[in-house]
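The listed protein sequences correspond, in order, to chains P and E. Be aware that the first sequence starts at 1, since it is given in this note's numbering, and climbs by one per residue. Be aware that the second sequence starts at 1, since it is given in this note's numbering, and climbs by one per residue.
Hints may contain errors.
Said to hold, decoys possible - According to the in silico footprint, chain E covers these stretches of chain P (three or more CB under 8 Å from chain E):
no. : stretch
1   : 14 to 21
2   : 36 to 42
3   : 46 to 54
Don't read these hints as lab results, they were simulated from the structure. Note that beta-carbon positions come from the ideal geometry of N, C-alpha and C, so glycine has one too.
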Amino acid sequence: MRSRNVLTGMLLGAGSLAGTLLFRRRLARQRERVDVYFGDGAMVSLAKPGEAEPLLRRARRILELAG
Amino acid sequence: MDAAAALERLREISSQVRAAVVFERGGKVVGSTLADDERAKRVAEEAEALLAEAEQQGDRTNGGEFAQLEVALKTGSVFVVRDGDRLIAATTPPEPTVGLVFYDLKSCLRELEAPAPKKRQPAKRKAATKAKKTDAKS
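Take the sequences, apply the hints, and build the full model.
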């Protein structure tokens, strides 16, 4: 009986952990961001409002123009 | 291959690309999937400005040469890819397969540089030679 409770608890814990990870991953994907790749293989990801905002604004204009 | 053919091929191979504009540094439009030339020009100008700001960011971080960028927005994504002096700006729906879009855009730019494939001449048929039958009766 006790081992069954432990197993149920473990399954619930694992399930909620997996759910949290999936949720966070989905949230991160939905976040507006700019990824800049350079010739040497380096990549810069801009997600902070201050640094990304000018580029996001231009990209919004491009989406509007392209329809 | 000319720009129109390369963009047509891009649309065939990539279901994610909604619109694309090929341009040169300075904003000169080489080709576009947009029907309106004025719009294509404005997209090229905006993409050029986007690129300039991204390059500034690069100077601040590692000083590397710009290769490509993706701007992910809630309403869709904007891609800019460079190959030499040529660039391509493209739009996609939200959450595209980023690697695949970059690959398709890069291929499109490379096809522009490549000379048009020559039509193959039909292979000449060799005159049928009759195999000499050696008389087995001996």
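We went through each hint and held it up to the structure:
Given as covered by chain E, the stretch 14 to 21 of chain P fails the check, having 0 residues with a CB less than 8 Å from a CB of that chain where 3 are the minimum. Under the rule that three or more residues need a Cβ within less than 8 Å of chain E, the assignment of the stretch 36 to 42 of chain P holds, with 6 such residues. Look at the stretch 46 to 54 of chain P against chain E: 3 of its residues bring a Cβ nearer than 8 Å to a Cβ of that chain, three or more, so the hint holds.
In terms of the numbered hints stated before, the structure departs from hint 1 and from no other.
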